[in-house]
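Chemist: Letter by letter, the chains look like this.
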Amino acid sequence: MTTVAPTTVKLRLPPGSGSLILLAIVAVAAAAGPRLAPYDPLATSVSAALQPPSASHWFGTDALGRDILSRVLTAARLDLAIAAAAVGLSFGIGTAAGITAGYAGGWSDRLIGHVTDMIMAFPLFVLAMGIVAAAGDTVANIVYATAIINIPTYVRVGRAEVLIRRDAPFVQSARLAGNGTFRLLLAHVFPNVLPPLVVQASLNMGYAILNAAGLSFIGLGVRPPTPEWGIMVADGASYIVSGEWWVWLFPGLALAGTVFVFNLAGDGLRDFLDPHRRH
Amino acid sequence: MGRVIASRLVGVLGVLASVIVVTFFLTRALPADPAVYFAGMGGTQAAIEAMRAKLGLDHSLIVQFGFYLRDLAHGNLGMSLTTGHSVLSDLMARLPASFELTIVALLLALAVGLPAGIGAALRPDSWFDHLVRVLGTAGVAMPTFFTGLLLLHVFYFDLAWAPPPLGRIGAFIAPPPHVTGFYLIDSLLAGQVQTLIDAVRHIALPALTLALFAVAPIARATRAAMLDALASDFIRTARVIPLSSFRTIVVYAFGNALLPVLTSVGMVFSFLLGANVLVEKVFAWPGIGTYAINALIAADYAPVQGFVLVMAVLYIGLNLAVDLAVIATDPRAAAT
Chain A
266 MTTVAPTTVK LRLPPGSGSL ILLAIVAVAA AAGPRLAPYD PLATSVSAAL QPPSASHWFG
326 TDALGRDILS RVLTAARLDL AIAAAAVGLS FGIGTAAGIT AGYAGGWSDR LIGHVTDMIM
386 AFPLFVLAMG IVAAAGDTVA NIVYATAIIN IPTYVRVGRA EVLIRRDAPF VQSARLAGNG
446 TFRLLLAHVF PNVLPPLVVQ ASLNMGYAIL NAAGLSFIGL GVRPPTPEWG IMVADGASYI
506 VSGEWWVWLF PGLALAGTVF VFNLAGDGLR DFLDPHRRH
Chain B
2 MGRVIASRLV GVLGVLASVI VVTFFLTRAL PADPAVYFAG MGGTQAAIEA MRAKLGLDHS
62 LIVQFGFYLR DLAHGNLGMS LTTGHSVLSD LMARLPASFE LTIVALLLAL AVGLPAGIGA
122 ALRPDSWFDH LVRVLGTAGV AMPTFFTGLL LLHVFYFDLA WAPPPLGRIG AFIAPPPHVT
182 GFYLIDSLLA GQVQTLIDAV RHIALPALTL ALFAVAPIAR ATRAAMLDAL ASDFIRTARV
242 IPLSSFRTIV VYAFGNALLP VLTSVGMVFS FLLGANVLVE KVFAWPGIGT YAINALIAAD
302 YAPVQGFVLV MAVLYIGLNL AVDLAVIATD PRAAAT
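Residue numbers (my numbering), protein chains in the order written: chain A, 266 to 544; chain B, 2 to 337.
These aren't lab readings, by the way, just hints derived from the structure by calculation. Keep in mind that the hints are not guaranteed to be accurate.
[Claimed, not checked] According to the in silico footprint, chain B covers these stretches of chain A (three or more CB under 8 Å from chain B):
#: 1; stretch: 338-350
#: 2; stretch: 479-489
#: 3; stretch: 492-502
[Said to hold, decoys possible] Stretch by stretch, here's where chain A covers chain B in the computed footprint (C-beta under 8 Å, at least three residues):
#: 4; stretch: 141-150
#: 5; stretch: 156-167
#: 6; stretch: 220-227
#: 7; stretch: 293-302
Glycine is no exception: its CB is placed at the ideal position from the N, C-alpha and C atoms.
Given these sequences and hints, build the entire structure.
Modeler: Encoded structure:
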């Protein structure tokens, strides 16, 4: 008999908790952004146009004299909402399709595989441009386009995870116990394939934000004067020659910072859920 | 090996077919009615109907798809309303600019990403490994258009090292005689040193912007593949023999790590070609991305359709090249 060493309980924060704090800050900005904004994000003032950062305008003002800090804060909600809606859609559709393909096999697997391959045959941002151009230049279509190009990720992960478990003992016993296919998939298979999909979703948020901002940077979707980070950077790009850097820098930083935080959180979540990667 | 390549080519044909179907439906769904557009501002109902018949829009979808295939077979991608030229000739004229930018960026990214990944794998959990990871995570979080503006502000506005972001070559310098369409190569072929220097100065920042975005996935894939290779038995043997460490690392470990890295480059192309559009807009690079954006804003639909198709074909071609390279380097891939 081996002696049991006295275990010391170490209170340690799970990896990635730092990024969770950052994530909370972003969430607060998105939720309370408009209330935190010191000025009306749409209020123009010709006399205050293109002022560099100062005590009254921390991030300076743009060509119409609008306060950039207020616009950056107000935009957080819209940018995050677009990305979250897109990720939610592709998560739902992709997971359902992936689980179906993995569990049913046969023609439905082949059909779903073909559709996924069709999407993957395009450079994804280019396909998103094409979809928005075709379906119409609206915010809703930015969401749909971003969702469509992300669906294959969830289909692949969902399908692969279900394939490993389709004939696992716990699934077979649940089947023998008389569970219908739908209940079997929902109550027994889905909870087990959820963790890798959630990791995928949190990594995907950053990409979805970048994609949506990229589309509005080239002039699709969100219309001025609505504050949105991609448009604000595009506005600022015309001042690169004259050197009014604050017009594009702050919205760009907000964008990059938010994506960075989501990527960090996704990496942390993956390490947390995957014991092999924990050191 | 011949059979493997043949089956890969058949697969590519299938992908091409689905790409054509998707682009066809993308154009049919366009919001603006092209017949109204072509008929002009004061177009009467009769003129619009006549134009609709002329464009073949009064036929069923299946028939229209037939027309579309026939046009594609003749290399006819339609006319651009904004430039007044055929879309194919417009795209072909601008493709070398985009291709040159993408290739230079990819080479830059490989030149930085491969050594960084190898270095990180040789000393896992060292400060270098962490540095590569942090820079990589930051690199993929940066929107390419924002990186481009940052670089421009520092190197053009502050330091005045870079030329203004207005295309591939200075306004007072004639482009080199057309051979490949790549200014870097053409100016070298023509022996025009002045032109070459100017072209290098113009491509430096946009290529760097694109490369910064692609470095992270390349470094990440290289690190993972190198860690696997370094942990294998043949490396242990090589170290025990002992072969020189350079030979062990570069020839044996990296040689075996190359395959997964090559495969991941395929995904990098998807990012690069997409980011290319944004970088072209920032630097007013006269490639197909800028062309497509201008057409999109003008509701000029044939160029956008042609652009999506050409990008997809380019992407498929690049992935096929990667596949063939894998088959050529890996006897196992050739055997299956």
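Chemist: If a hint holds in the structure, say so; if it doesn't, say that too.
Modeler: These are the hints, each one checked on the structure:
no.	hint	verdict
1	338-350	violated (count 0)
2	479-489	holds (count 5)
3	492-502	holds (count 5)
4	141-150	holds (count 8)
5	156-167	holds (count 4)
6	220-227	violated (count 0)
7	293-302	holds (count 5)
Of the hints listed earlier, those the structure fails to meet are numbers 1, 6, in rising order.
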